[in-house]
Amino acid sequence: MNFDITSAKRLVIKVGSSSLTTLDGGISVQSLNRLVDACQKLRDRGTEVVLVSSGAIAAGLAPLRMERRPHDLAAQQAAAAVGQGELMAHYSRAFAHHGAQTGQLLLTVEDLIRRSTYVNALRALEKLLALGVVPIINENDAVATAEIRFGDNDRLAALTANLIHADGIILLSDVDALYSGPPSEGGKRISRISSPEDLEGVTLGPRGRAGIGTGGMTTKVEAAQLVTANGIPARLTSAAQAPALFDGEEIGTLFLPRGKRRGARSAWLAHLANSQGSITIDDGAVEAVIGDRRSLLAAGITSVGGEFEAGDVVEIRDPAGEVRARGLTSFSASETRQMQGKKTAQLGEELGEDYQRPVIHTDDMARVEVHR
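Heads up: the sequence shown at position 319 corresponds to 319 in the numbering used here, and the numbers run straight through without jumps.
Treat the hints as calculated values from the structure; they're not laboratory data. Please read all numbers here as calculations on a predicted model, not as lab measurements. Yeah, the Cβ is synthetic: ideal placement off N, Cα and C, and Gly gets one too. Wrong hints could be hidden among the right ones.
Unchecked claim - Just the calculated beta-carbon pair ranges, DEER-fashion:
| hint | residue 1 | residue 2 | range |
| --- | --- | --- | --- |
| 1 | 240 | 202 | 19 to 25 Å |
| 2 | 351 | 9 | 48 to 54 Å |
| 3 | 321 | 187 | 31 to 37 Å |
| 4 | 256 | 30 | 32 to 38 Å |
What the hints assert, rightly or not - Straight line, CA to CA, 27 Å or less: simulated BS3-like cross-link-like pairs of lysine-lysine:
| hint | residue 1 | residue 2 |
| --- | --- | --- |
| 5 | 188 | 9 |
| 6 | 9 | 41 |
| 7 | 260 | 127 |
Build the full structure now, drawing on both the sequences and the hints.
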């Protein structure tokens with residue numbers, strides 16, 4: 001299977017800070033305009049483009065007379081507050097040159113953890129695309145906390161691709177491809193990744209150049225793995241090569257899709273929902289729930305972790321402690337502890353008919369890929 005960008009109907013394109021900034025930290029208008037020109041060529045062919053763009057903090061460095069990216073959160077937030085407006089102004093002018101309208105969406109992890117705001121984000125994006133607008137998404141650095149961040153927008157771009165059922169995701173940075181090791185030390189370009197096994201022995205480099213970005217090759221590979229597990233192909237290359245890539249040239253590194261495409265609800269459960277606890281199951285239940293995709297019954301439960309209520313999201317763990325699925329539980333933690341290890345008939349006799357239901361129904365469950 002290949003990833004034909006020229007025939008894609010909907011693409012998420014992520015560009016990192018290092019691709020949009022000069023060495024002294026300011027916005028490179030030339031680089032930004034070149035990217036917009038390339039994106040517009042896609043749009044002229046009928047492709048819907050969602051742009052996930054870093055650069056707000058970097059854009060705020062020069063106006064605030066900061067020589068380099070600050071390390072403390074408050075200073076980063078101040079730079080983002082100043083820089084986001086400047087960044088969007090550049091994008092608006094560049095797309096307006098092509099007669100296109102842009103729309104800004106600022107998101108935090110919390111916005112996507114909550115089911116209600118997750119759905120609202122999806123509706124907003126779908127409406128913007130229907131109106132012919134170019135959505136430009138960035139993490140809301142001015143309010144995001146240090147504990148929960150997207151990681152230079154790589155993960156945010158991957159989650160956005162899942163959210164809107166994109167035909168593919170393009171990860172643009174200052175590196176032209178994934179290499180087996182540092183090119184200066186003889187590392188070879190990897191043109192295609194078909195499975196996680198293809199990454200064995202690959203040395204992933206450090207974070208972005210000049211301290212401008214917060215991501216690195218590791219976060220890009222993780223983002224690519226996230227989307228490919230959900231049936232979406234990914235292509236990684238440099239922003240400088242975007243025009244050639246969008247014209248159909250086979251450059252960079254292609255990550256082939258492995259899993260089936262998830263619906264928005266399943267993707268939310270698998271990757272975003274904030275788990276309130278965990279349920280550990282035995283090997284037989286792992287085979288039934290994961291292998292046969294059946295509902296989780298109380299008989300296969302060996303332990304319950306945390307405190308949760310009916311309707312909360314919980315992790316389903318195998319005997320080794322690996323998270324194998326996430327789902328909406330039908331019972332509270334205390335009820336589940338009463339039920340664990342008991343067969344359906346026994347539950348009916350001891351607790352009543354209502355407790356004979358599955359602890360987590362298969363329709364309320366999202367299986368999670370395990371990398372061993």
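Cross-check of the supplied hints:
In this structure the supplied range 19 to 25 Å holds for residue 240 paired with residue 202, their Cβ-Cβ distance being about 23 Å. The hinted window of 48 to 54 Å between residue 351 and residue 9 holds, with their beta carbons roughly 51 Å apart. Between residue 321 and residue 187 the beta carbon distance is about 34 Å. The supplied range of 31 to 37 Å therefore holds. Checking the proposed 32 to 38 Å range against residue 256 and residue 30 shows it holds: the Cβ atoms sit about 33 Å from each other.
The suggested pairing of residue 188 with residue 9 is violated, with an alpha-carbon distance near 32 Å, which exceeds 27 Å. The straight-line distance between the Cα atoms of residue 9 and residue 41 is roughly 13 Å, inside the 27 Å bound, and the hint therefore holds. At most 27 Å may separate the alpha-carbon atoms for a hinted pair to count; residue 260 and residue 127 meet this at roughly 25 Å.
Hint 5 from the list above is the single one not met by this structure.
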